[in-house]
Amino acid sequence: MSPPVKVMIVDDSATVRQVLSGLLNAEPDLTVIATASDPLFALEKMKRDWPDVIVLDVEMPRMDGITFMKKLMAEHPTPVVICSSLTEKGAQTTVQALAAGAMDVITKPHLGLKDFLSSAAKDVANAVRAAAKANMRRVSPSPAPLAVAPKYSADVMLPAPDQAMHQTTEKIVAIGTSTGGTQALEILLTALPRTTPGLVIVQHMPERFTTAFAQRLDGLCQMEVREAQNGDRVMQGRVLIAPGGRHMVLKRNGAQYQVNVMDGPPVSRHKPSVDVLFRSAARSAGRNALGVIMTGMGDDGARGLKEMHDAGAMSVAQDEASCVVYGMPKEAVKLGAVERSLPLEEISGAIMAFASGRR
Numbered sequence: 001m002s003p004p005v006k007v008m009i010v011d012d013s014a015t016v017r018q019v020l021s022g023l024l025n026a027e028p029d030l031t032v033i034a035t036a037s038d039p040l041f042a043l044e045k046m047k048r049d050w051p052d053v054i055v056l057d058v059e060m061p062r063m064d065g066i067t068f069m070k071k072l073m074a075e076h077p078t079p080v081v082i083c084s085s086l087t088e089k090g091a092q093t094t095v096q097a098l099a100a101g102a103m104d105v106i107t108k109p110h111l112g113l114k115d116f117l118s119s120a121a122k123d124v125a126n127a128v129r130a131a132a133k134a135n136m137r138r139v140s141p142s143p144a145p146l147a148v149a150p151k152y153s154a155d156v157m158l159p160a161p162d163q164a165m166h167q168t169t170e171k172i173v174a175i176g177t178s179t180g181g182t183q184a185l186e187i188l189l190t191a192l193p194r195t196t197p198g199l200v201i202v203q204h205m206p207e208r209f210t211t212a213f214a215q216r217l218d219g220l221c222q223m224e225v226r227e228a229q230n231g232d233r234v235m236q237g238r239v240l241i242a243p244g245g246r247h248m249v250l251k252r253n254g255a256q257y258q259v260n261v262m263d264g265p266p267v268s269r270h271k272p273s274v275d276v277l278f279r280s281a282a283r284s285a286g287r288n289a290l291g292v293i294m295t296g297m298g299d300d301g302a303r304g305l306k307e308m309h310d311a312g313a314m315s316v317a318q319d320e321a322s323c324v325v326y327g328m329p330k331e332a333v334k335l336g337a338v339e340r341s342l343p344l345e346e347i348s349g350a351i352m353a354f355a356s357g358r359r
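Counting in UniProt numbering, the sequence shown runs from 1 upward without gaps.
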């Protein structure tokens with residue numbers, strides 16, 4: 001058997017440190033080797049025993065989580081799972097941490113913290129496991145998530161595609177990603193010109209964090225980036241990111257496309273779900289679409305990309321060498337949904353080739 005994953009918890013809340021330690025130590029494959037109330041205390045303890053994964057708050061005394069993350073990634077890259085409160089300021093700070101290399105986000109409320117962490121025990125443990133598998137410079141396959149709830153397919157949101165749509169001059173690109181996707185999307189989107197076809201994106205991210213994420217990308221990219229709202233038009237030079245906690249569906253309106261943002265059960269255990277977006281692209285766009293599946297844990301998006309491919313859409317996966325976690329692309333490849341697997345840096349070129357009519 002492999003040795004347990006060594007975890008350090010860095011949080012100024014004694015309650016969080018106590019509850020998370022108990023939850024993670026109850027898992028046979030995880031062990032909390034140390035806790036610290038701020039990054040400076042953490043750095044002292046890490047000199048004695050370096051953790052495999054750090055569970056990190058972002059707003060702490062003496063040194064904030066962003067500064068700590070930058071120091072870690074520059075000197076000794078180490079997987080980090082963010083544990084942050086759902087405040088507007090906290091959301092912006094957490095998005096900065098994700099952009100700096102954090103693997104995942106666990107959101108914590110201000111009230112009922114102990115009960116929340118207990119109910120989210122499996123989510124926390126799975127996030128730590130996935131982070132431990134994500135080498136900072138090399139890919140490792142991700143484990144399948146534990147079955148903690150019924151796993152719904154996209155059937156609960158919309159019917160399967162029945163026929164490919166007639167091709168028009170209006171093109172769209174649908175992208176799905178999860179763990180490691182915040183960094184990957186920044187690299188991809190900043191490489192795209194304003195003349196790029198409209199992009200619709202599902203990035204697995206908690207509610208309220210997608211607003212800050214879209215705002216950050218909008219300040220970096222030539223394209224307009226916004227959190228999607230119901231009825232937004234998909235158009236050249238615009239990127240629409242599905243809001244956390246809501247599904248996003250592509251709809252055709254004459255020769256144009258728009259998105260509907262709606263509630264519903266989690267699909268493939270996610271909301272928003274890549275499978276829902278990709279199925280809607282298969283139904284509404286067919287050959288007018290390009291589907292791109294990128295780094296992430298699990299299999300959300302694999303079946304949807306196969307439906308896009310079968311409807312005549314182009315399909316691309318991020319390759320194993322450039323993924324943080326080669327879970328979602330791997331499952332899509334296994335299903336025969338992927339035409340080409342490309343390094344992250346070459347996906348922008350594939351998108352522009354699609355825009356010019358080359359397949």
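In case anyone wonders, no lab produced these hints; they're calculated from the structure.
Any given hint could turn out to be false.
[To be verified] Straight line, CA to CA, 27 Å or less: simulated DSSO-like cross-link-like pairs of lysine-lysine: (1) LYS6 / LYS47; (2) LYS114 / LYS71; (3) LYS45 / LYS71; (4) LYS45 / LYS6; (5) LYS71 / LYS6; (6) LYS47 / LYS71; (7) LYS45 / LYS70; (8) LYS122 / LYS6; (9) LYS70 / LYS47; (10) LYS70 / LYS6.
Since this is a predicted model, take the numbers as computed values, not measurements.
Status of the hints after comparison with the structure:
1. LYS6 / LYS47: holds (14 Å)
2. LYS114 / LYS71: Violated, at roughly 30 Å.
3. LYS45 / LYS71: Distance ~15 Å between LYS45 and LYS71 Cα, so the pair holds.
4. LYS45 / LYS6: It holds: about 13 Å lies between the C-alpha atoms, which stays within 27 Å.
5. LYS71 / LYS6: holds (20 Å)
6. LYS47 / LYS71: holds (14 Å)
7. LYS45 / LYS70: The given pair, whose Cα atoms are some 18 Å apart, holds under the 27 Å limit.
8. LYS122 / LYS6: Answer holds: LYS122 to LYS6 is near 17 Å, not above 27 Å.
9. LYS70 / LYS47: holds (17 Å)
10. LYS70 / LYS6: This hinted pair holds, its Cα atoms lying about 21 Å apart.
Comparing the model with each earlier hint shows a violation of hint 2 alone; every other hint is respected.
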